[in-house]
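Chemist: Here is how the chains run, residue by residue.
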Amino acid sequence: MDDILKEFLTESLEGLDLLDTKFVMLEQNPDDRDTLASIFRAVHTIKGTCGFLGFGHLEKLTHAGENLLSLLRDGKLKFTQEIASALLNMLDAVRTMLGEVERTGGDGEESYPGLIETLNRLKEGGNAPPTAPPVAPPTLAPDISQNSVADGIFLDAASSTPDLLPPLPPAPKTAPTSQALPDNLFFFSEPEPPASETSPPPPEPIARAAPAVPISDPVPAERSSAPPSGGTLTPIAESSIRVDVPLLDKLMNLVGELVLARNQILEYSVLQENSPLLAASQRLNLITSELQEGIMRTRMQPIHNIWSKFPRVVRDLSVSCGKQVRVEMEGKETELDKSLIEAMKDPLTHLIRNAIDHGVELPAIRRANGKPEEGRLSMRAYHEGGQVHIEIGDDGAGINPGKLRNKALEKGLITPERATTMSDQDIRRLIFLPGFSTAEKITNISGRGVGMDVVKTNIEKIGGVIDLESELGHGTTFKIRIPLTLAIVPALIITTGKERFAIPQVNLLELIRVNEEQRNTAIEYVHSNPVYRLRGKLLPIVHLNRELRLTTASTSSVINIVVLQAGQHQFGLVVDQINDTQEIVVKPLDKVLQDIPVFAGATIMGDGRVALILDVLGIAQQAKVLSDTHDPSLSAQLRAGRTRTAERQTLLLVRSPGNSRLAIPLGPVSRLEEIPMDQVETAGEVDVVQYRGQILPLIHLRDILAERRSFNRLSASEGSGGSADLLQVIVFGDSTCQVGLIVDEILDIIQDVFEIKGRSTRTGVSSTLVIQGRVTELFDVESFLRRVAPLLASVEEV
Amino acid sequence: MADQHQLCTFFLEQRFFGIEVEKVQEVIRYQVITPVPLAPSVVRGLINLRGQIVTAIDLRRLLQVSDRTDERLPINIVIQTPRQGIFSLLVDRIGDVLEVDEESFEHPPDTLDGIARELIRGAYKLQGRLLLVLNVEKLFSPEILNRGHEVAST
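Here the protein sequences line up with chains A and B, keeping their order.
By the numbering used here, the letter at position 537 of the first sequence is numbered 537, and the numbering carries on one by one without gaps.
All you need for the numbering used here is the position in the second sequence, starting with 1, plus 798.
Next comes chain A alone, as it looks inside the complex:
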């Protein structure tokens, strides 16, 4: 794509975003000529460039819009909601066409005749007599008529005095006359419409900005005052230039490297007694820090960049839900990393949709509850503690914990016992579970059950945390904390098993050092799980060396506990040594290592060695901290844990011929016996022993496993292991029908979850497992019993 086209696309798309904001502003203040004029100019510029570049369809559409806008600007036409909707639809169409241009280089086949006609009709409508609205043209674009229907419904539902206001016909309206204004106009009412004194008070404007925080124009003034020049584009401002994001990313990487080199030099210079070197390295330190900050700032963008789209989202949504919502924004200049901004867009949009769809009640209900009919949606952003805090709140119905509890029980997400013990706050957090939706009816906006869990996952993916506060009847606020940037993070360096690991400071709560005297009593056990009493509460303890299967060499006299936050949970991580905090550059692990959940990446330390970065959530999951009972958000894992318990088996470990190991499921085993050699008798072809008043046939394990050999007489194949005169016998079956299996040696009884690793290697073996680090064959009891059945019969005959 050539440069002119690229430039055109960037400029136009930016212009469109700006227009969205301006239209919403205009709705609040329809007489604002300046805003109108700047909208006109922006559309005119796009139109002019389209003509220049030969995009016919695009030009036609923007031309129609421009004509309408020019009448508005000159005051010949009154700005109405219908006009606003049509113009916003035009913006969407232009956006679609620009997308087409970006993909194909042409503006596509769609020429939007319906939309153009609507625009033209609206233009004419301004002059039409108010009492005789023209009949809707048959070719009216469906989206437009739909919009009008929605408007009608909205009026009906939103009006404070429905008895005085007959439902509007769904037919498209012309621009209302000034008489009709107070009734039809609820968005664009002038601050004090004189008519409203006599007529029932119109519903409050929906998207009126809070007086304190107007939704202002984010672009420097030069732009809006730029002369409408057909085709030539003026730069946004002389003081800024466009930079490719990949270039910024590269600079960011380089600065990361520089930070590492700086750390290395600092470490060396401290060891040297060379004061000029020390001074130089200190200066390097300062400059690097400043450079790092500067480069990081280039990637920082105000959160306004995504927030600016929300007033329109709110407007469209509240219209279609029949609700009235006012947006309040605070701290929209709060900056965060560009990649994070992108990542936050979808979760925030989702939260806002939820707030309007489920949070804010219908005006009638609000009035009945003594609240203003107009709902409030507040968005707050601020920096605190090296993190960005974002809050999305509404003053709606709030979340009813009782209702949630029932829903969760109904869906089997919690057990009835847990439902009674969970706090209301924990219950509210259930909404973050997958597949959880309390919406009584599914709307086309939200409530399909995919949602909050995705929001949570997306936020956690960028290292953020989400929580909520809700008061029944007073609203819900979602609180999000995300890191400023992802590439360079402050981290605590610890040592375990002689290796250093970095723990991101975001997860860090506090450090505990247990003295020598308390060493033996500090860590207590609930059943077999270690806990520590932290200010009267039991904190689960995880030993890092055990989780990583490292041997701890240090026999230090103190215990170091790092208290960490993993999602909603806290746990203590026992490490050998706590070193210091450092800014580390996060580097991803190779894909062959990404299956290991406990590491988030790696970094290079000051001495040039590599250290692994711990994934606190991953450790918590591996150590099963998260699946204990007070965790609402991971009941899925609980369930997984439960099925795992079901698979727990108890196995009898024996030495099989050839010194290999064989595991026998303990289920069908009735007893283990030691039988003296000399008690063994012979009955027909089979060795037997008198056992508890019965004749117990004896089968040697090696005869079962070695396919080629027939069932040899025991005397011919004497047991090699154990005591020579005592036979180790495993008795299978019940009191009526038993058989004894002679093994060389019984090694152990183990209980665990076993994963089948390999298929059967020979007859008599059902599969192969790894137990205690050794390959072990699993004895096939069923086929064994089947095979010995004829023997049992023959014994009975004897």
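Treat the hints as calculated values from the structure; they're not laboratory data.
Ideal Cβ placement from N, Cα and C applies to all residues, glycine included.
Some hints here could point you the wrong way.
[To be verified] Here are some, though not all, of the chain A residues that point toward chain B, as calculated from beta-carbon distances under 7 Å:
1) Leu548
2) Leu550
3) Asp590
4) Leu593
Given the coordinates of chain A, work out where chain B should sit on it, guided by the hints.
Modeler: Chain B in isolation, oriented as in the chain A frame:
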């Protein structure tokens, strides 16, 4: 010229191996390795290659040759392929870059099995010895690494 190949050669004990020279980015002496707990045992750990973190694979463990007992440190052969990215192969000793004739190439015998069959592409019959060529594309895949791990633990 088309049937001539350049191979970067190296040793594991007395075994003589080669890798296409185009796939070798560099050969560096032993670097401090940071072990990765819970990783397959053939992954010896991570090394710092001028600011880039590179995974080091122990070829002995991969080919199920017992770990070396002497004190000598292994050499890193840093390999880069478009598909697998960059990784380092730990070998005992580095040899010369040899030019080999395609005519002397032969596929491995049927008796070669297990993981070695997948990793050894064939042998060049040099004078007095065989030069085994590794299949670089397969060396650095999670599937192979995990398999090496399992066998190693028996």
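Chemist: Each of the hints needs a verdict: does it hold here or not?
Modeler: Consistency of the hints with the structure:
| no. | hint | result |
| --- | --- | --- |
| 1 | Leu548 | holds (4 Å) |
| 2 | Leu550 | holds (6 Å) |
| 3 | Asp590 | holds (5 Å) |
| 4 | Leu593 | holds (6 Å) |
Consistency note: the structure conflicts with none of the earlier hints.
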